[in-house]
Amino acid sequence: MRNRLAWTLGVGLGLVIVSVPVLAHHGAAQFDVGKRVTVTGTVTEWFWSNPHCFLRFDAAGENGQVVHWVAELQSGPNILPLGYSRQTFKVGSQVTVTLEPVKNGRPLGRLLRVVLPDGTALPLAASPAANNPQ
Amino acid sequence: MTKRFLVPAVALVGVLVCSPVAHAQARLPGARYDADAKGEKPRPAPRRDLSGTWEPASGAGGGIQGKGAQAMDSCRKDPRTGRYAVQENPPLTDTGYATVDCLKPEIEPPYTPLGLQTMRAHKPVEGYRMVPDAVNNDPILACDPGGFPRVLLHNFRTSEILQTPAHMVVLYKFQKRWRTIWTDGRELPKDPQLPAWTTPDGLPPEPRWWGYSVGRWADDYTFVARTNGFHDDRTWLDNAGLPQSDAMEVEETYHRVDAEHVELSVKITDPKMYTRPWVALDRLSLRLQSPSFDIQEMECSPSDQKHYYEFFGGLTGTDTGGAR
Chain E
1 MRNRLAWTLG VGLGLVIVSV PVLAHHGAAQ FDVGKRVTVT GTVTEWFWSN PHCFLRFDAA
61 GENGQVVHWV AELQSGPNIL PLGYSRQTFK VGSQVTVTLE PVKNGRPLGR LLRVVLPDGT
121 ALPLAASPAA NNPQ
Chain S
1 MTKRFLVPAV ALVGVLVCSP VAHAQARLPG ARYDADAKGE KPRPAPRRDL SGTWEPASGA
61 GGGIQGKGAQ AMDSCRKDPR TGRYAVQENP PLTDTGYATV DCLKPEIEPP YTPLGLQTMR
121 AHKPVEGYRM VPDAVNNDPI LACDPGGFPR VLLHNFRTSE ILQTPAHMVV LYKFQKRWRT
181 IWTDGRELPK DPQLPAWTTP DGLPPEPRWW GYSVGRWADD YTFVARTNGF HDDRTWLDNA
241 GLPQSDAMEV EETYHRVDAE HVELSVKITD PKMYTRPWVA LDRLSLRLQS PSFDIQEMEC
301 SPSDQKHYYE FFGGLTGTDT GGAR
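These protein sequences, in sequence, are chains E and S. According to my numbering, the first sequence holds residues 1 to 134 in order. According to my numbering, the second sequence holds residues 1 to 324 in order.
Check each hint, because a few of them may be wrong.
Okay, the calculated bits of chain E under chain S, using three or more residues with CB under 8 Å as the criterion [to be verified]: (1) 29-38; (2) 73-82; (3) 99-107; (4) 111-120.
Hints listed in this document are in silico derivations from the structure and should not be mistaken for laboratory results. Where is the CB? At the ideal position from N, CA and C, for every residue including glycine.
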């Protein structure tokens with residue numbers, strides 16, 4: 001029973017996380033909607049801006065080569081309530097990023113979830129969404 | 001057995017229903033929305049007063065209108081869920097892209113042939129005609145002014161109205177802009193294509209990104225502003241790329257419902273682009289905030305945008321991936 005409850009809550013939480021409506025200056029034309037990629041890598045840049053912030057990080061590719069990933073987020077003012085700040089990421093730190101990739105195969109995507117070196121996951125699930133369904 | 005499934009199912013529903021994400025509307029720290037004031041007894045509206053800082057009453061996202069002007073939304077919503085309809089294998093639009101999270105609505109603004117032609121020249125990044133960032137031509141993504149009335153029809157966020165005997169000055173969060181609505185009795189420019197004030201200190205005619213605005217109280221609780229004197233097609237009406245011209249006149253109506261609320265409506269009249277006047281925003285409810293509520297900065301920096309397009313936006317195309 002306990003396992004079933006935990007499983008169900010886990011699925012529920014997952015649904016909540018992946019169903020975060022993404023508010024950005026653009027729509028979904030460039031994204032492979034519904035696809036998810038999770039990558040662990042080393043931060044090379046955290047760019048805080050409007051209308052989009054982005055996180056650049058390097059990760060090992062399939063053949064051992066370094067892949068330069070870029071994950072975009074919403075505008076700085078929009079993601080402050082989700083737990084992000086200009087100080088969230090430090091160059092050189094390890095992060096695990098779940099993103100929705102672009103269609104063209106480049107290592108780009110919109111960031112859905114990130115786990116920081118101390119285990120903190122963003123966006124904060126308990127935080128009110130700074131998104132809107134439009 | 002039933003109970004074994006029932007409890008987790010209820011828990012799951014609870015997680016989804018109680019989740020702020022499920023409720024979806026945004027919240028700015030320190031802001032007060034209608035959801036925070038359930039059971040509140042409305043206080044009477046003050047007479048001829050719009051002053052104060054205003055926030056969409058349903059949540060910070062209530063005025064964003066990402067897929068186009070709210071009353072002429074460029075995507076179809078599921079009436080049951082309020083979510084945008086999704087089609088698994090959507091057809092290509094005239095821009096050459098399929099829009100999986102956004103179907104064409106049954107309604108369209110009443111375009112003239114020039115309006116339709118102009119709309120088709122626009123490549124927006126939202127709405128049913130949306131394209132990847134790399135190939136868009138939306139002026140605001142180069143940090144050009146969104147201008148008026150786009151500031152009301154796209155990314156309409158926290159705004160503050162400063163009311164004096166001579167004018168209303170409106171401060172807008174998005175792109176950190178402001179405009180003046182004159183209430184000193186002056187007339188709207190008679191020739192919208194050679195616009196100028198006819199006051200003794202009026203300047204020579206010059207079109208403006210934000211137009212020329214005058215306003216008056218229709219009654220003690222209804223303020224009506226009219227604006228003309230725009231540039232030609234240098235600005236878009238909304239985020240879906242609807243066109244506007246130098247012949248446009250915009251009518252804004254602010255109805256003070258009670259002490260806490262104003263309803264904002266916008267009507268577009270533009271004989272070059274549309275065959276008849278049409279309503280773009282229908283009674284968007286705004287809620288008064290505390291006098292100490294601060295407006296966040298949401299500036300667009302051209303150098304930041306260049307950096308963004310270098311590393312992300314310019315690489316999102318399905319062909320060469322070249323920058324815009």
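Hint by hint, here is what the structure shows:
1. Given as covered by chain S, the region 29-38 of chain E passes the check, having 3 residues with a CB less than 8 Å from a CB of that chain where 3 are the minimum.
2. Counting residues of the region 73-82 of chain E whose beta carbon lies closer than 8 Å to any beta carbon of chain S gives 5, which meets the minimum of three for the stated coverage.
3. For the region 99-107 of chain E, the stated coverage by chain S is satisfied: 4 residues place a CB nearer than 8 Å to a CB of that chain, which reaches the threshold of 3.
4. Coverage of the region 111-120 of chain E by chain S is violated [criterion: at least 3 residues with CB-CB distance below 8 Å; count 0].
Consistency note: the structure conflicts with earlier hint 4 alone.
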